[in-house]
Structures are given as structure tokens and as C-alpha cells.
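Undergrad: Given next are the chains, with one letter for each unit.
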Amino acid sequence: MSKDIRINKGLNINLVGAAEQTTSKAILSNVYAINLEDFHGITPKMLVKQGAEVKAGEPLFYSKDNSEMLFVSPVSGELVEILRGARRKILTLKILADKTQEVLETSPVSADADAVEIRQAILKSGCWPFIKQRPYDCIADPNATPKAIFISAYVTAPLAAEISYSLVGKEKEIQSALTALSKLTPGKVHVSVGKGVPSMFDKMKDIEMHKVSGPHPAGLVGTQINKIDPINKGETVWTVTPQDLVIIGEFLLTGIFNADRTLALVGSSVKKPKYYVAKIGSEIATFLYASGVKEEKIRVINGDVLTGKRSKPDGHLGFYNNTVSIIPEGDDYEFFGWNKPVFDKISITRALTFSWLQPNKKYDLTTNTNGEHRAFVVTGMYEKVFPLDIYPMQLLKACMVKDLDEMEQLGLYEVIPEDFSLTEFVCISKQPHQQIIREGLDLLQKEIG
Amino acid sequence: MSDKKLTLKKRLHILKHRFRGKKMAPAFNAIHTFLFAPDETTHSGSHIRVADDLKRTMNTVIMALIPVLVFSFFNTGYQHYSAINGFPDNFSLVNDFLNWDNFWLGFIKVMPLVIVSYGVGLLIEFIFAVIKGHEVEEGYLVTGMLVPLIVPIDTPLWMLAVAVVFGVVIGKEVFGGTGMNILNPALTIRAFLFFAYPTWMSGDKVWVQGAVERAGTPDAISGETVLGYLAQNKGDEMAYTVSDMFFGFIPGSVGETSVLLILLGGLFLVFTKIASWRIMVSAVIGALVMGLIFNGVVEAGWIGQSSGFYGLMSFEFWKHLLVGGLAFGIVYMATDPVTGSQTNRGKWIYGFFIGFISVMIRVFNPAYPEGVFLAILLMNVFAPTIDHYVVRGNIRRRLNRLKNATVLPTNSGEEAKELKVETI
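As given, the protein sequences belong to chains A and B, one line each in that order. Numbers 1 to 449, taken from the numbering used here, label the letters of the first sequence in order. Numbers 1 to 424, taken from the numbering used here, label the letters of the second sequence in order.
Isolated chain A (complex conformation) (with noise of 0.2 Å):
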């Protein structure tokens, strides 16, 4: 059975750079890397030493709120280094990888595994970070049980890895992680894909098939849960993307936490935007010198242009990511750049922005914020961009002044940054958006969670 969702708010950002469909190897890097700012709220807690040999999938730390929960290494190596920050926070770990490659192998779940005995082989097996929550944005609480599990399949965002591309061959895993995950909840596990087009979802079981047409963000799983099955206050979603299945459903499979990535290396500074193989951790410039870069001064992203973290030529591929986004860092000035004509840049007004002229035309946008950062003054721009039942501007206006009250009644605990990523970028006062979310779902937990 399968439903439709029409979803009429929103922007579809065409930009230069999307992924040519072919894909190579990514040469091995000789360092891997985990970023403890990928598991937002995580206090880890060492297992091993630095000097320590590990295994790929044994695990490297676990989580202080829960002891059960392991993060393990995605590549056999030394643990060579521990990056700590201030307060001596662990940022980093760096894994010096063998030349040849050993894998922990454990047995495979099987299929009809209960509840108990698959959260116990996911939480074992390091899989278990790929499964977030809602409310607040971070890895899902074990203990919980979900109203209902939530998959997009369906990609808007800007130049992201496009699934049926990237996963295909990898339904027989998809689908035994598809069966697992309806055991951890008393509820649906609802897929969402794009209508009219042919998925590799289709045919497969035990899952809620809903059919998604519209602009972005109608691909971002918070717009689907909206229209499928509104979070309310106190209940607990979980979502996990289709890459991530994959690790999920392959561990179940074979017992083995294979970290390999298909990922798209996009945007218009690279030279030859493709697909690439690459591990968990991977530093990105194995892959990204390998197509090459047009300019000097570049902006290396994990992840889409809107949602991405920061990184560096140098850095390494993110836990959740299949995409890696280069484009130009706008760092000059424009001379009258605030009331000349402006033809090369997207609006969604008409103030002398002509991007409305032509709608599929693909641009080649810089890091400039194209202004300076102001108080909000312009009101109902978000509201076009942003089709959850939700005042965002009330919302963000809330987070800021930090009133919890009005936060949890206006629908803190439905969103996640993500979800603000397309009204930071329409917004005219250039407010950071997705940071102010982020920072009022941390006090939200923090004072009621």
C-alpha cells in the first residue's frame, strides 16, 4: 500500500558539479579518522589505548549515558593519535591503517532474531549510532521504544548522491535491515520515495511505502514524518538513511561492519564529479585529488551544501556521510554588490535577482553570505521554503530568547536543524539558522529531556 505526498513549499537549488554515474575506487588512505562531533551529545569513553592495535569493527569507545552502545573502528590498524580539545575533549581518533586488512567477524543475526537479540547484535556490532532520533537530533536512545522508524528515499537536497545510483546491488541487505528495524518498533517503518520513478523499494517488505513529489525539502525525512505521522510531545521517532542500511543490513548478514561507502564527490570546484568507493574516515583528498580541484581556495564539505559540516582537503569522510560536496569559497568583495542586477546568484525574490527568469538554470554558488548578518526583519520568505505545519520564524524567535515553554509548543521536538536548512539559506538577515535549532534542541534536552 502506498500513499502520496504532495509537497508544494520549497526550492529545488540546481547547482553546477552533480555526480557523473561512474564509479572508481578510492585510492586507501594511510590514516583514518572518526569525529567525535559526528555523534552530537556522545561523552565517549575510551576502550582502547593510543598505540593499540584494532581489528576493523572492534570497538574503539562507548558511550558514557550507555554502556552498551559501541563505536567501532572502520579500518584494522594502530589507534595512533587521540585529538583532544579543551577540557582535554576528545575531538578525534586516528587509525593508522594495516597494509593488510583484518575484520572481526561475529556471527550473522538471523532472520528471525527477536527484538531484544537484534538491538543487542546492532548495539554490539557499532551499527547502532546509524540510527538517530527524534526529538532532539542524536543517536537513538536504546532503551526506547520508537512510535515508528523513518526512511527517506527520496533525494532533493543539492547535488546529493542520488540512492538509486549509489546502492544499487545492495537490496538483499537493505531489505534484511529493513526486517530487523520493523521488530524495534510497535509501529510502521515508513519508506519514502520519489513518485513516478521505478525504486528498488518497491518490492520489498515489511515496510509503509509512501510516494514523495515536490521541491526540496520534500526529501528530508522531518518533511515526511510531518506529512506521514506528526511527532508528538513525548513520543520518540527513529530514522536512519538508505547508505547507512546498507552497514546495517550487511552486518546482520555476514556479522561483519563493512565501513564502505559508495559517495558522491560533487560541486563546482571539483574537475570530474563522480562516484567513489571509500571507507568510513577516509581522508577526503584520496578520493578528491584523484578528479581533480579547479580553484585554490576551496570549501570541502561532508555532506550536501546546505546541511555539511566544515572540513579540509586534509580531513576525513564523515560517519553519516555519501556525499562530499567542493565548491568555491567567495571570500571578495563585490563592488555594489548589494543593489546591482545579479544574474549568476539564486533568490527567491524579484529585487533585481533574476534567478526567476530561468528556473532550471544550474548555478555555480561561492561561500559569500552576499550580506551582512541582521535582525530578523523581512517576515513570510520562510514560510514559502518551508512546508512543515510549523512557524519557523516564531520557532527560531523562541530558541533565541530561549523559552522553553514556547519552544516545546510551537514544535521543537518535531524538527532538526536539518529541517531549517533551506530557510538559513533564503534568509535575508543571514540568521544561522540550523545553529539556533541546534542550540535550543540541546537546551530543550538538557532542562526536560
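The hints are simulated quantities; they were obtained by calculation from the structure and are not laboratory data. Do not take every clue at face value.
Calculated cross-link-like contacts (lysine-lysine; reagent style DSSO-like; alpha-carbon spacing at most 30 Å) [unchecked claim]:
| hint | chain 1 | residue 1 | chain 2 | residue 2 |
| --- | --- | --- | --- | --- |
| 1 | B | Lys109 | A | Lys309 |
| 2 | A | Lys195 | A | Lys384 |
| 3 | B | Lys22 | A | Lys430 |
| 4 | A | Lys312 | B | Lys234 |
| 5 | A | Lys3 | A | Lys211 |
| 6 | A | Lys294 | B | Lys10 |
| 7 | A | Lys446 | B | Lys403 |
| 8 | B | Lys132 | A | Lys183 |
| 9 | B | Lys132 | A | Lys430 |
| 10 | A | Lys274 | A | Lys211 |
| 11 | A | Lys340 | B | Lys234 |
| 12 | B | Lys9 | A | Lys312 |
| 13 | A | Lys227 | A | Lys446 |
| 14 | A | Lys312 | B | Lys16 |
| 15 | A | Lys402 | B | Lys403 |
| 16 | B | Lys10 | A | Lys397 |
| 17 | B | Lys10 | A | Lys340 |
| 18 | B | Lys403 | A | Lys233 |
| 19 | A | Lys362 | A | Lys271 |
| 20 | B | Lys10 | A | Lys297 |
| 21 | A | Lys297 | B | Lys403 |
| 22 | A | Lys430 | B | Lys23 |
| 23 | A | Lys211 | B | Lys16 |
| 24 | B | Lys9 | A | Lys430 |
| 25 | B | Lys403 | A | Lys397 |
| 26 | B | Lys403 | A | Lys188 |
| 27 | A | Lys227 | B | Lys403 |
| 28 | A | Lys297 | B | Lys9 |
| 29 | A | Lys430 | B | Lys16 |
| 30 | A | Lys188 | A | Lys9 |
| 31 | A | Lys294 | B | Lys23 |
| 32 | A | Lys99 | A | Lys361 |
| 33 | B | Lys403 | A | Lys9 |
| 34 | B | Lys132 | A | Lys402 |
| 35 | A | Lys205 | A | Lys183 |
| 36 | A | Lys340 | B | Lys403 |
| 37 | B | Lys10 | A | Lys3 |
| 38 | A | Lys430 | B | Lys403 |
| 39 | A | Lys430 | A | Lys294 |
Knowing the structure of chain A, use the given hints to seat chain B on it.
TA: Quick look at chain B alone, frame taken from chain A:
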């Protein structure tokens, strides 16, 4: 040429870093960002941003005001010379209106108002930015243009300067600057003038350039506004036709007279998606509804010709849109996003009441037959309340959803239970 630009760019860049952290940095940055869009890049969240910023937004509104300003030059001269020589018999647009004499008189009378408004207002903005250490905000770019267009032509410059100081400081800066103010600063300035210097703001001597200084002399001239005639039940003596009102060849505040150009400005603002069409449309509806009610009262015979309100109440309802500052207020002032309603549904209610109350005050105000600025200021105060109830609707919907949901226990093993909802 490009070499020279590069050096200017570089030189300013070096200066910017020299000013960084200094007291005068905001003042320097204001001028710098006026010349060059800054080299700032995204540092959190979305890595790319739209082309628009607040400067561009404000600039678009100013562009929509330029035709009105230019028209005001000609009309100032036209009203002045017509008051002296009488209105031309066979009015010809090119010969009688768009001539050099009219333009020049208007230019030398209106431009000082514009210069004083911008000079004083921006100076205060700069001072506050330097004291508070924040960037100079763009809000005054529009306010500074609106102010000269909504005052009588002979308003003394010192008076305007005092009013601008009051409006910017009390109307805006004490609340925290652009984006934080409750009342529209331009209208606060207008209201200050109206209440502080009422003799300069109403009567039949202020709407025509030169009338005040010639009062009492043999050369005395006067010019009453359409609303002025009506308020005195002298509608019959009025020589203005409907097309005069629509095109704007009538006395009134500097820039409010030409409904045609205001309409074009409004369409431009709606097309560029800068101003809210919801507010404009609902305000027009509100004004028409109130006008119809008054017309109905007259038709029903509840009010006789002897009544002081007869002239304005019997004025055909749709003509209210053509006279006074209603059109100007609806297009340029009611649509101010900071002081108006912020929710789309709220904008309908907010706009409707602006039109409705404007016509009501216009008819019932014994001292001054115009009410747009008061109506907008009043609705500015109520806008947060309107939004509050609109947003409450969303909150209530969320609570109802929760009431009907079976909330699962957060810990496995527990029984599912109905969650009690506190009502607000």
C-alpha cells in the same frame, strides 16, 4: 580602470582590518559595505546563501518610491502656481504640469526635506551603532525616504529634524534598532509632528507651498485638501475631478497625492516579492467596507445634510482610496514587515483593520480629516496580539493531535497509556 578599482578594494580591505575592534568600526563598515558587498563567508549551517540581503530589500522599496518623489516635485510647483494664478482651464499635462518651473520649485522645496531627513536620521543611526558597537542597520534607508513624502510641503526643517530625532530614538533605537521596533518609525515621526505642531499640520494653509508665509498679506493663497473640503461639508465647492484625484493633481502631503504612481509602486513591490500583497489587498477591502457602511448610513437617512459628518460619510466609498494618504499608507507603510503582522493569516486581519479604521478615523476625527497614520500606528500595536492568536491556533492544533494520540511509553516494557494534556 580595473587596476584602480583593485587598489581601492585592497586599500579598503586593509583599512577594515585596521578599524577592527575600534570604536569607529561600525561607521567605517557602513561606508565600506555601501561600496562593496562584504567578503564574509558562511561559517555555520548552510554553506550557500541567497543573493538578497537587507540592503537590497530596502533599496527595492526606495526604487518604488522614486516615481512618487519625482511626481511630488512637479505637483508642489503646480499647486503653488495654480493657487496664485488659478487652475488652468484646458489642463495639458506637458505644458501645465511637467514644466521646468514646477519641477524647479518643487525640487528646491522637497530636496531639503529629503536631505534633512536622511542627514539627521542616518547621523543618529551612526551614533547609536558606534555607541552600541553593532553594525549600522539599513532600516533608515526607507524611513528617511518616507518621511519627506508624508509631511506638508512647508514643514520647517528644524521641526522635521526634531521629529526625526524623536522618531528614530524613541520609535526605534530604544527598542534595539531595526527589526526590534514596535511602531513604524516614519509614522512615529509623522505623529510627533502632528501632535507637537498641530497648526503646521492641518488647515488650508499648509498644503500649498508658500501659503503659510503669505498668510495675512494681499498675496495670500490657500489650498484645501479634498478631505478638508468634505469635512467642512463643502464638497460642492471642490473643483477636483476624480481623474485629478487618481493622477494626483491635488494638494496634500508631499508624496501622497498620485494614486496612479503609488499603485505602480505597489505592483512593483508585489512583483519583486518584497512587500506583502496580503496586507495591501485586505487594507483596500477594509477601507471599502467601512466606506460602504458610511454610505449605507447616509442612504438609510440616519444622518442629515446638517450633520458635520455628512460630507465625508456621503463621499462615495471607492473614492476614499483616491484621496488623502490612504493609498500611500497601505502600499508603503502598512507593509513594513517589522511592525506589521508576521504571520500570513495575521496579515489579512491586520491589513483589513488598517483600511477599516483609517476611513473611520478620517470621518470622525474633528481636528484633522485623515486617519491613515493613526490607524497604522494603532494596528502596529495590535499586530503582536493578532500574531499571538494566529500562532495559538497552530499550538492548539498540535495539542489536539497529542490528545488524540496514544503515546507510547519511552521505556520498553511499560504499558501504552493515554497521555494527559494540560490545557493552556
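Undergrad: Hint by hint, say whether it matches the structure.
TA: Evaluation of the provided hints:
Proposed proximity of Lys109(B) and Lys309(A) is contradicted: the alpha carbons are some 57 Å apart, above 30 Å. Note on Lys195(A) and Lys384(A): the hinted pairing holds, with a Cα-Cα distance of about 22 Å set against a maximum of 30 Å. About 24 Å separates the Cα atoms of Lys22(B) and Lys430(A), which keeps this hinted pair within 30 Å; it holds. Pair hint Lys312(A) plus Lys234(B) does not hold up; C-alpha atoms about 77 Å apart against a cutoff of 30 Å.
Pair hint Lys3(A) plus Lys211(A) holds up; C-alpha atoms about 6 Å apart against a cutoff of 30 Å. Between Lys294(A) and Lys10(B) the CA atoms are separated by roughly 24 Å; this keeps the pair inside 30 Å, and the hint holds. For the given pair, Lys446(A) sits about 25 Å from Lys403(B) by alpha-carbon distance, which is consistent with the 30 Å threshold. Restraint check: the Cα-Cα separation between Lys132(B) and Lys183(A) comes to about 58 Å, which exceeds 30 Å; the hinted pair is violated.
This hinted pair checks out: Lys132(B) and Lys430(A) have alpha carbons roughly 20 Å apart, not beyond 30 Å. Restraint check for Lys274(A) and Lys211(A): satisfied, since their Cα atoms lie roughly 27 Å apart, inside the 30 Å limit. Distance restraint check for Lys340(A) and Lys234(B): the Cα-Cα separation of roughly 50 Å exceeds the 30 Å cut-off, and the hinted pair is therefore not satisfied. With a CA separation close to 28 Å, the supplied pair Lys9(B) and Lys312(A) stays within the 30 Å bound.
A C-alpha spacing of about 28 Å is found between Lys227(A) and Lys446(A), which places the hinted pair at or below 30 Å, so the restraint holds. With a C-alpha separation of about 27 Å, the suggested pair Lys312(A) and Lys16(B) falls inside the 30 Å cut-off, and the hint holds. For the hint linking Lys402(A) to Lys403(B), the alpha-carbon distance of about 26 Å falls within 30 Å, and the restraint holds. A threshold of 30 Å between alpha carbons decides the hint, and for Lys10(B) with Lys397(A) the separation of about 38 Å lies outside it, so the pair is violated.
Our distance criterion of 30 Å between C-alpha atoms is met by Lys10(B) and Lys340(A), whose separation comes to about 21 Å. Using a Cα cut-off of 30 Å, the hinted pair Lys403(B) and Lys233(A) holds, with the two alpha carbons roughly 10 Å apart. This hinted pair checks out: Lys362(A) and Lys271(A) have alpha carbons roughly 16 Å apart, not beyond 30 Å. Between Lys10(B) and Lys297(A) the CA atoms are separated by roughly 18 Å; this keeps the pair inside 30 Å, and the hint holds.
About 54 Å separates the Cα atoms of Lys297(A) and Lys403(B), which puts this hinted pair outside 30 Å; it is violated. Between Lys430(A) and Lys23(B) the alpha-carbon distance is near 24 Å, which keeps this suggested pair within the 30 Å criterion. Taking the CA atoms of Lys211(A) and Lys16(B), the gap is near 52 Å; set against the 30 Å cutoff, the hint is violated. Of the pairs offered as hints, the one joining Lys9(B) and Lys430(A) holds, with about 23 Å between alpha carbons and a cut-off of 30 Å not exceeded.
A hinted pair counts as satisfied when its Cα atoms are at most 30 Å apart, and Lys403(B) with Lys397(A) qualifies at roughly 26 Å. Distance hint between Lys403(B) and Lys188(A) is fulfilled; the C-alpha atoms sit about 21 Å from each other, no more than 30 Å. For the suggested pair Lys227(A) and Lys403(B), the alpha carbons sit about 18 Å apart, so the restraint of at most 30 Å is met. A C-alpha spacing of about 19 Å is found between Lys297(A) and Lys9(B), which places the hinted pair at or below 30 Å, so the restraint holds.
Between Lys430(A) and Lys16(B) the alpha-carbon distance is near 21 Å, which keeps this suggested pair within the 30 Å criterion. Under the criterion of a C-alpha separation no larger than 30 Å, the hint pairing Lys188(A) with Lys9(A) is consistent with the structure, at around 27 Å. Proximity of Lys294(A) to Lys23(B) is assessed by CA-CA distance (about 40 Å); at most 30 Å being required, the pair is judged violated. Distance check on the hinted pair: Lys99(A) and Lys361(A) sit about 46 Å apart at the alpha-carbon level, beyond 30 Å; violated.
For the hint pairing Lys403(B) with Lys9(A), the CA-to-CA distance comes to about 28 Å; that is within 30 Å, so the pair holds. Distance restraint check for Lys132(B) and Lys402(A): the Cα-Cα separation of roughly 23 Å lies within the 30 Å cut-off, and the hinted pair is therefore satisfied. Under the criterion of a C-alpha separation no larger than 30 Å, the hint pairing Lys205(A) with Lys183(A) is consistent with the structure, at around 13 Å. For a cut-off of 30 Å, the pair hint linking Lys340(A) to Lys403(B) is broken: about 53 Å separates their Cα positions.
Proposed proximity of Lys10(B) and Lys3(A) is contradicted: the alpha carbons are some 58 Å apart, above 30 Å. Taken as a hint, the Lys430(A) and Lys403(B) pair is broken in the structure, with Cα atoms around 37 Å apart against an allowance of 30 Å. Proximity of Lys430(A) to Lys294(A) is assessed by CA-CA distance (about 28 Å); at most 30 Å being required, the pair is judged to hold.
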